[in-house]
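A.B. asks: Given chain A, work out where chain B should sit, using these hints.
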Amino acid sequence: VPEGSGAPQLRSPWRTTHAFLRGSIMTVVLLLVGLLFHQPDLVVLATPFLIVTTWSLVRRPTADLAVRYPRAAPILREGDAMIWAVELGAAPFVEQAAIQVDPGPFQQLRPRSGVRIASIHADDAVVDLSVQARTTRWGIHELGRSSVSATSAWGAHRWGPVTLPPVQQTTRPLPAVFDGRAPAPHPAGLVGINRSARGGEGSEFATIRPFQLGDRLRRVHWPVSLRSQTLHVATTYADQDAEVMVIVDSSSDLGESAGIDGQASSLDLTVRAAGAIAEHFVSRGDRVGLTVFGQGVARLAPAAGRQHLWRILVRLAGTAVGNSADTSGRLLRLRLGPDAMVVMMSACLSRLALDEARTLAGRGATLVVVDTLPTTIGGLADVASLAAWRIRRLERDTELRELRRAGVPIVAWRGPGSLDQVLRDLRRHGSSPRVTRR
Amino acid sequence: MRLPGPPEWQSQHLLPGIAGLTYALTLVPVALGGSLHAWMVVVVLALACSLVARPESAYGVAALLAGVFVWILAGPDVESIWTPVLGTLLLVAHVAMAWHGTAPPTARYEAAIVWRWVARTTAVAAATFVVYLVSVGLHALSIEGSVLLVAAGLLLFAALILVVRSDLVASGSPVARPPTATPPTRPEGARWDW
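These protein sequence lines map, in sequence, to chains A and B. Number 195 in the working numbering belongs to position 195 of the first sequence; there are no gaps in the numbering. With positions in the second sequence counted from 1, the corresponding number in the working numbering is that position plus 1000.
With the rest of the complex left out, here is chain A:
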């Protein structure tokens, strides 16, 4: 339930409706004609309209109504639902209230029509007009563009409809399923679960050696010490954390997105994969940063912890498709440590992304490009579009081959284990001397 309710500022007068005018006109005309021409049947015909009109006048509401509505929407995950809580303060003689919420893109409402009708009884103080809303795609959406109205007996008088202002609702991406057993190539920090090449305080066994001055007593390995008659201690490798920068290429969005329940576009796949990789490394205690480029460059400095993961996902929710020439060359200013790993999530369709990847690799960064182009692209119906897409795919394959030749590892996004082999290779290469262009 979103917190923060709107003050009762929405005002509307009570207006008579077509129904009331129709009943009044029928009453007056039929009674007058019946009396003037001595037609008792017309007086009988006037009777129901006279009763309805009198009833409507007796039950005519006058009090202004107060609407309480949310002024802010909570941050949700894709597929989550919330209550769009709207309440109407009841007043005497108000019998029915209605709300109509227009569903925005990637929103599902319950009731499906977005219309909810509530019957108001004499002892009701507040009328609940809440509608359930579910968001099906990451992004910043507009929610709650709705109108509220109330009517009196026989629909004779109407209050509203008043339009409620919409609010911005942020939906963070639901990270794709991802897991990896390979450690980060160059862990350098002091905390984390990556095994260091050096010995130190950690959890992974290294060797057993004779006791030295300064060793902790709890590290003494008693079975070996008893056998050898000299004190021996078990040593471990130090645990270290890595610095990972996730780069998201939002310069293009290919295919049609049907939200969390349907087909994913290339940007859907990119954003969800970026969320998954960030979540994976954060859960291992690594420091993860985020750079989104396309329409501009948005940057989030590397940090660790669940709160930081939340920030990354919210920042990913604000990803917009765009291709700005100003972003060229700005990716190089990542301000990362020498042992940081860069994971670029891209559909590899933009020349800018490929050029930046080539430059980063040339400058010695540990870079992995994750290809997030979906296997099937929707929305290509006609023969010309399909032919054009095939030509573009061939060009893209050539560009990726060139990039691989330049020393940039490229892996296709396949969920769990996508990065395992390439990370092991990078770790192996990292332990050997390298030549870089400075």
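Be aware that a few hints might be false.
Beta-carbon label-pair distances, calculated as ranges [stated by the list, open to error]:
1) Ala1111/B with Ala72/A: 34 to 42 Å
2) Asp261/A with Val1130/B: 52 to 60 Å
3) Arg112/A with Ala1112/B: 32 to 40 Å
4) Arg1120/B with Leu21/A: 50 to 58 Å
5) Ala122/A with Ser1142/B: 45 to 53 Å
6) Ala1111/B with Arg11/A: 31 to 39 Å
7) Leu1160/B with Pro165/A: 21 to 29 Å
8) Phe1069/B with Gly79/A: 26 to 34 Å
9) Arg1120/B with Ala381/A: 24 to 32 Å
What the hints contain is simulated information worked out from the structure, not anything from laboratory work. Just so you know, even glycine gets a beta-carbon here, dropped at the ideal spot from N, CA and C.
C.D. replies: Leaving out everything else, chain B in the frame of chain A:
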């Protein structure tokens, strides 16, 4: 006692359909109570279609008045039993149009709302039959100015109700209490199976 009924009821095309159908059915009492002409059928059916297309508009009052005009031109007996039947049909058409105007067309109504409208319409239709019987009774007694008496009686009754209502509101009736601004507490939990 809770009346049985559907849990939800969608009005999208049903209420305008009911309005058009009941209006078209006014041809039945006109034919049985007087003499029906072809042009009357054409006019009534055309107006019924207009009610279906635009139920909550100025067409409504034009259609109802035209229905009464057709009744007068058909020349029925002033004591015809078909008079309250026609009145009921016109009432149902009017109520269906009014009801349709209370909410967006895609609204789904709860059973309580449906029964409220149905019960009230039935009560008004029953009152129409009572007034018809009183009118016929007065006419049978050959009382001078029976039409005036019935009309005056109805108007007096309506005026009395209005006066009583104004007195109740002015004296702070328990019904007319001010609205409470505090919303009730809502149960926690915002997850559903979609």
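A.B. asks: CB of phenylalanine 1069/B to CB of glycine 79/A, is that within 26 to 34 Å?
C.D. replies: 60 Å, violated
A.B. asks: So the hint says 34 to 42 Å: do the beta-carbon atoms of alanine 1111/B and alanine 72/A match that?
C.D. replies: 35 Å, holds
A.B. asks: Is the gap between the beta carbons of arginine 1120/B and leucine 21/A within 50 to 58 Å?
C.D. replies: The hint (50 to 58 Å, Cβ to Cβ) is violated, given that arginine 1120/B and leucine 21/A are roughly 19 Å apart.
A.B. asks: Take the C-beta atom of arginine 112/A and the C-beta atom of alanine 1112/B, compute their distance, and say whether it sits inside 32 to 40 Å.
C.D. replies: Between arginine 112/A and alanine 1112/B, where Cβ atoms are some 21 Å apart, the hint is violated.
A.B. asks: That 24 to 32 Å hint for arginine 1120/B and alanine 381/A (C-beta), does it hold up?
C.D. replies: Violated - the Cβ-Cβ distance for arginine 1120/B and alanine 381/A, about 54 Å, lies outside 24 to 32 Å.
A.B. asks: Does the beta carbon distance between alanine 122/A and serine 1142/B stay inside 45 to 53 Å, or does it fall outside?
C.D. replies: With Cβ atoms ~46 Å apart, the hint holds.
A.B. asks: Please test the hint of 52 to 60 Å on the beta carbon pair from aspartate 261/A and valine 1130/B.
C.D. replies: This hint holds: roughly 58 Å between Cβ atoms.
A.B. asks: Quick check on a hinted range of 21 to 29 Å for leucine 1160/B and proline 165/A, using CB atoms only.
C.D. replies: For proline 165/A against leucine 1160/B, whose Cβ atoms are near 46 Å apart, the range 21 to 29 Å is violated.
A.B. asks: State, for the Cβ atoms of alanine 1111/B and arginine 11/A, whether the hinted interval 31 to 39 Å holds or is violated.
C.D. replies: 32 Å, holds
Hints 3, 4, 7, 8, 9 from the earlier list are contradicted by this structure; the remaining hints agree with it.
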